[in-house]
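J.: Every position in the sequence shown, counted from 1, becomes a number in the numbering used here once 5 is added.
Heads up, some of the hints might be wrong.
[Said to hold, decoys possible] What follows is a set of in silico ranges between Cβ atoms, one per label pair, in the way DEER data are often shown:
#1 R469 x K127: 57 to 67 Å
#2 R73 x R469: 46 to 56 Å
#3 N384 x E338: 11 to 21 Å
#4 A387 x R276: 36 to 46 Å
#5 H247 x R469: 51 to 61 Å
#6 A187 x E338: 45 to 55 Å
#7 N449 x K470: 53 to 63 Å
#8 G122 x E452: 46 to 56 Å
#9 G448 x E365: 15 to 25 Å
#10 V450 x E310: 21 to 31 Å
No lab work stands behind these hints: they were computed from the structure. Just so you know, even glycine gets a beta-carbon here, dropped at the ideal spot from N, CA and C.
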Amino acid sequence: MQRVRGTPPIGTGVLCSGAVADPEQDSGAKDVTQVTQVRYPKVDVLPSRVRLRVHAGLDRGRELVLTRGTYVVGKSSGCDLVLSDPMTSRRHLQLVVGDRQIVCQDLQSTNGTFFDGARFEKIQVPLGAELAIGDTRLRFLLPRTRVPRSLRGGGDFASRIAESPGMQAVLELCRRAAATDAPVLIAGETGTGKEVCAMAIHQASARRDGPFVVCDLGGLTRNILESELFGHVRGAFTGAEHDRPGAFVAAGGGTIFIDEVGELELDVQPRLLRALDRHEVKPLGSVAYKKVDVRVIAATQRPLEADLSAGRFRRDLYHRLAVLPLTVPPLRERREDLPLLVARFVDELAHGRRVDVPGETIDLLREYHWPGNARELRNAVARALAVAPDARRLEPHLLGIDVPGFPERLAVDADVPFHEGKEKAVGAWEREYLSGLLRRTSGNVSEAARRSGIDRAHLYRLLRKHGIVE
């Protein structure tokens with residue numbers, strides 16, 4: 006099988022001096038005078054620009070770009086980042102951004118600033134850290150990272166911006182890997198986008214004008230597997246009627262992406278090791294080696310550490326492949342990216358039709374576990390758009406996702422007048438009923454009218470009223 010297509014690792018953050026316990030927490034609160042280990046993107050030198058983003062609260066979505074220097078957060082209009090949260094003091098928090106660290110100092114605020122559940126006076130925080138001021142959550146993020154322009158318009162999540170710290174770190178590491186020719190080993194569950202990361206590295210590298218050849222080893226027999234990688238000559242095995250170059254030769258001047266490398270049998274692994282060390286391969290049935298000029302990126306969803314311990318995978322090959330290791334986080338660990346992914350897939354699959362994504366749909370997606378990761382999400386969006394081809398809203402029930410215990414309650418706002426609230430509630434019920442009706446009839450309006458007992462013309466008016474069809 007052949008398809009040719011022309012961030013720093015996760016580390017630990019340290020809570021530093023001057024922290025005091027949150028007085029409102031119970032007696033089980035942490036002793037924050039000790040070092041607290043938290044997993045964050047690890048960087049030796051901070052980027053020239055860091056984003057401070059309001060992740061939750063009244064000012065959600067507001068951002069401040071930090072370069073080297075001092076900044077103040079508070080309620081006063083003279084602050085660099087002005088917050089609306091009533092728990093915020095006029096000058097609440099000072100940030101000092103240096104070459105290697107961000108130092109946060111509470112400016113003797115009334116209600117305090119918290120990190121990792123603890124109130125502090127002055128601390129050093131890593132990228133990815135989240136601070137709390139009242140109901141507001143502030144997060145330090147890497148600069149927005151995009152994959153190369155040549156990948157945009159493709160069908161996967163790496164064509165968009167990543168908001169989650171974990172995925173931002175992965176994309177940053179992809180960018181750094183692209184500047185070298187060293188082998189890369191990408192780990193991650195099925196559907197997380199390992200091939201997309203490999204392609205991003207290739208397209209941003211000096212080999213971008215060469216081929217990108219995918220060799221998927223999953224489920225292949227030994228002869229086929231070796232032939233896929235190294236090629237064969239005529240008569241090498243039953244059915245080998247013609248010479249075949251193999252993926253290493255086909256990828257000459259470019260990149261070979263070896264997917265499911267953990268499936269490689271133990272006695273075949275030395276051949277891959279030789280290809281990496283000596284840049285040469287020998288086709289099945291041949292007595293001569295061929296020189297190859299390729300960059301190798303491998304991927305696996307198997308825990309290769311267990312295979313190393315059991316002797317099923319050679320340690321020398323593992324370390325040769327994992328010169329630059331990275332792990333793509335599962336979707337359930339990067340839920341901040343869900344709105345971006347859904348918008349990307351809708352843009353791709355709706356064929357120019359505008360489809361809005363309501364907040365309740367995002368809420369449902371955040372509750373789901375996503376065992377199939379980004380690939381499963383894309384399939385869910387594709388199914389929803391196919392079930393209701395004229396829909397203008399991606400309603401939750403169209404996705405076909407079952408989340409036990411997900412609230413199906415009616416939102417009631419007691420602050421609005423009775424008749425206004427009743428009209429909103431009836432409208433919400435109508436929209437849910439009509440969307441479900443179309444789903445059950447696969448978008449057939451005539452069948453929907455028959456089942457519901459609604460005149461077809463009146464049904465069309467209702468569908469247009471609620472933006473389900475144009």
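J.: Decide, hint by hint, whether the structure agrees.
T.: Hint check:
Between R469 and K127, the C-beta spacing of about 59 Å keeps the proposed range 57 to 67 Å intact. Hint check: R73 to R469, Cβ distance near 55 Å, so the stated range 46 to 56 Å holds. For the pair N384 and E338, the supplied restraint of 11 to 21 Å holds, since their beta-carbon distance comes to about 20 Å. Hint check: A387 to R276, Cβ distance near 39 Å, so the stated range 36 to 46 Å holds.
The hinted range of 51 to 61 Å is satisfied by H247 and R469, whose Cβ atoms lie roughly 60 Å apart. At roughly 26 Å, the beta-carbon separation of A187 and E338 lies outside the given 45 to 55 Å, and the hint is violated. As the Cβ distance of N449 to K470 is approximately 19 Å, the hint placing it in 53 to 63 Å is violated. Between G122 and E452, the C-beta spacing of about 55 Å keeps the proposed range 46 to 56 Å intact.
A hinted range of 15 to 25 Å holds for the C-beta pair G448 and E365, which are about 21 Å apart. For the pair V450 and E310, the beta carbons lie near 55 Å from each other, so the given range of 21 to 31 Å is not met.
Violated hints for the displayed structure, listed by number in ascending order: 6, 7, 10.
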